[in-house]
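**Student:** Now for the letters of each chain:
Protein chains: 2
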Amino acid sequence: MSKVLSPQRTIDELKGLRALTGNADGAQRVAFTPEWVAARDYLRKRFEGLPVEMHDDAAGNFWATLPGESAKELLIGGHIDSVPHGGWLDGCLNTLAGVEVLRRISAQYDGRPPVTVRVVDWADEEGARFGKSLFGSSACSGNLDMDEARGLVDKDGITLPEALREVGIDFERVKDCGKELQNAAAYLELHIEQGPVLLDKGLALGAVLGTFGVERHAITFHGQAAHSGSTPMDRRKDAFFAAARMSPEIYEIAKRSGMGVCTIGSCTTKPGIVTSVVADCRITLDQRHLDATKLATMHAEAKAASERFAKEAGCTVSWERLWHIAPAPFDPDLVNFCDDAIKETCGVSHRLPSGPLHDAAEVCMAGIPTVMMFTQSLHGISHNKIEDTKEEHLAMSVEALDRLAGKTMAWIEAKS
Amino acid sequence: MSKVLSPQRTIDELKGLRALTGNADGAQRVAFTPEWVAARDYLRKRFEGLPVEMHDDAAGNFWATLPGESAKELLIGGHIDSVPHGGWLDGCLNTLAGVEVLRRISAQYDGRPPVTVRVVDWADEEGARFGKSLFGSSACSGNLDMDEARGLVDKDGITLPEALREVGIDFERVKDCGKELQNAAAYLELHIEQGPVLLDKGLALGAVLGTFGVERHAITFHGQAAHSGSTPMDRRKDAFFAAARMSPEIYEIAKRSGMGVCTIGSCTTKPGIVTSVVADCRITLDQRHLDATKLATMHAEAKAASERFAKEAGCTVSWERLWHIAPAPFDPDLVNFCDDAIKETCGVSHRLPSGPLHDAAEVCMAGIPTVMMFTQSLHGISHNKIEDTKEEHLAMSVEALDRLAGKTMAWIEAKS
Chain P
305 MSKVLSPQRT IDELKGLRAL TGNADGAQRV AFTPEWVAAR DYLRKRFEGL
355 PVEMHDDAAG NFWATLPGES AKELLIGGHI DSVPHGGWLD GCLNTLAGVE
405 VLRRISAQYD GRPPVTVRVV DWADEEGARF GKSLFGSSAC SGNLDMDEAR
455 GLVDKDGITL PEALREVGID FERVKDCGKE LQNAAAYLEL HIEQGPVLLD
505 KGLALGAVLG TFGVERHAIT FHGQAAHSGS TPMDRRKDAF FAAARMSPEI
555 YEIAKRSGMG VCTIGSCTTK PGIVTSVVAD CRITLDQRHL DATKLATMHA
605 EAKAASERFA KEAGCTVSWE RLWHIAPAPF DPDLVNFCDD AIKETCGVSH
655 RLPSGPLHDA AEVCMAGIPT VMMFTQSLHG ISHNKIEDTK EEHLAMSVEA
705 LDRLAGKTMA WIEAKS
Chain D
305 MSKVLSPQRT IDELKGLRAL TGNADGAQRV AFTPEWVAAR DYLRKRFEGL
355 PVEMHDDAAG NFWATLPGES AKELLIGGHI DSVPHGGWLD GCLNTLAGVE
405 VLRRISAQYD GRPPVTVRVV DWADEEGARF GKSLFGSSAC SGNLDMDEAR
455 GLVDKDGITL PEALREVGID FERVKDCGKE LQNAAAYLEL HIEQGPVLLD
505 KGLALGAVLG TFGVERHAIT FHGQAAHSGS TPMDRRKDAF FAAARMSPEI
555 YEIAKRSGMG VCTIGSCTTK PGIVTSVVAD CRITLDQRHL DATKLATMHA
605 EAKAASERFA KEAGCTVSWE RLWHIAPAPF DPDLVNFCDD AIKETCGVSH
655 RLPSGPLHDA AEVCMAGIPT VMMFTQSLHG ISHNKIEDTK EEHLAMSVEA
705 LDRLAGKTMA WIEAKS
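So the sequence lines, in the order shown, correspond to chains P and D.
What the first sequence shows, in the numbering used here, is residues 305 to 720, in sequence order.
What the second sequence shows, in the numbering used here, is residues 305 to 720, in sequence order.
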């Protein structure tokens, strides 16, 4: 077993996985499907010949453990599942790079590193079938809402508990997997960026500051239907006019917040006919920030603006919260290590937040020091068969993850 | 037969018609239904005892003619049909007030006025069943698009020609009714306002300057879907942002136009999900003005603004014309007579354009000198069972229409 890391081997293994479980429409590793089972088998085979213990936990997460001198654990995590017709790297880059890093560590320490090293492959990160992401990691962190999850139904009317039973998982016991985290000292996750930030900056890698908190609301403006021909402009209670003014406003709110983002993703109008002023206009607003206080400010500013615009249009406005999650800022020491590892690998690093959620957010919220590393996405796109990353960037990402693992092991050892 | 006009009789007859053809949900005089046939019979009975000739023309329009010394005709027109669950006065005020005015003229001149006086009840003004308004009057004016009308289908799959055949009308011959206009010298139409202008001003009656021309378009902005969390604000091609900026802009365009109105009546977004920037946003824009040049300017300004907003949002924009009709400015002499008649009746008049279309627009476009008179609508609303007008205003409207008829007869006589 070579003591030298081989990023090329990871690239070759990623391609092997793609050949095994993808097709012309992209990656098809949807959780709990035969393709996913094949991907899991492929992952297990990567550990052959290594002194690791492997098992699936109560929620279907896969763990490969290389025991060390200390029971304290370095976790390297990812997810091999994909959305239907997804990208070839989303999720599995993390798990296969983790295998290579574990191999290098095992070889360096003759199978007995100073701290325990584990690779985890989370079950159903994407939530493609039941519309609920982070299933395995939220079961492990304890954040999974059992009542909500129990009622989830796929498009064929099959419930999540029924689907889990078919793959040998007892839904009512999934949170038992929480014990897997009891010795966890740090969690690392490498992922493709899924956005255009590193692409725009021409950088290969970035250190992730944390995952955004999200405030997600439906906002409905209530005005009055009126004939488009007979109603003078100054007599209108135009709900679309009030709602439309929110769009430029959220750009200003996001700008003031520093690094937050705000999105109006949908707009519906009633009665919605060409000859009537809009009586009711519903928009959805998704706001994200890494800082909880700033997220709250963004939310408050949007609310105040909506009330002002409603009043000025002779309308009223009502808000309904659709979803909310707190920001998960990553561990400052680990973010520094990540930054250093990137600089040592390719000279320049960049710190950025993660807009999308990741399993890392669940681990972080469970109190485990966590950091993520992003590698550039071509086209700045994901969840699409055209998702891709340059091979040289993939190679650098494996190398930087390995350096980060080394720094983190030393940090765990020093703290013990 | 009294030589004194009785506006109260018109009010009583309107109530009689309501009792006969309305219910708790409003007026139900939808064209070509049994209720409409009953309303027509009720109208015919109003002429009993008067020396009038009555017939239905090739398009189902009803004509009652009081022959005069001159073959030149004064037409007083309206429509007894309503939308389903409509208002009690919309359309039938005109026809029943016309009956009373004809009665007064007949009595004054012992059945032989100096010019011929006709009351016309247009067929299917509302277009409630086939979605095509002004059927009878556009057949008469010659503007009816036969190819388009031939293909119209109601919600039960019945074509317009089939429905007409059931009431004894041969669709292919409807334009034969154009001959009814060959001696027409002037056309008067009294109507409820259907908007809030007179209500706001506290006025009973107004002289109508003409019906607005309409430019009706669908505008689609094309941007790019992008993840709401991972896409920085300055990297977005947000089609909703571009479309939303049109809303305040059309208020400015309408203001600059003087008396025009602009309405964005609907907005749809694609993919229209909370976690994505909007890729495609389609809005409908309805623009109306009495002046053709100003209408063209409003349209050009909206188009230029949409192109600017699209460019600034990194989007493109495409326009599709849904409908168009030229403005129909009424006859200046008749507008003056209308204004005078109103002032003599209630002291104050007001000149205003009509946003909604009326049969008067068709007659006007056929080259007949035309004017309309509006009476105040409570709530500024129509096409609704709550549509209403104060009885004192109804009485004044009949009186003012009578004065206008007198002035117009004298004008026709003087021109002959």
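Think of the hints as simulated: they come from the structure by calculation, not from any bench.
Check the hints yourself; a few may be wrong.
No distinction is drawn between identical chains; accordingly, a pair holds when it is met within one copy or between any pair of copies.
To be verified - Subject to a maximum C-alpha distance of 27 Å in a straight line, what follows is the list of computed DSS-like cross-link-like pairs (lysine-lysine):
id: 1; residue 1: Lys615; residue 2: Lys598
id: 2; residue 1: Lys559; residue 2: Lys711
id: 3; residue 1: Lys349; residue 2: Lys319
id: 4; residue 1: Lys719; residue 2: Lys459
id: 5; residue 1: Lys376; residue 2: Lys319
id: 6; residue 1: Lys615; residue 2: Lys505
id: 7; residue 1: Lys436; residue 2: Lys574
id: 8; residue 1: Lys689; residue 2: Lys574
id: 9; residue 1: Lys719; residue 2: Lys559
**Student:** State the violated hints by number, sorted upward, taking the hints as numbered earlier in the document.
**Tutor:** Numbers 2, 4, 5, 9, in rising order.
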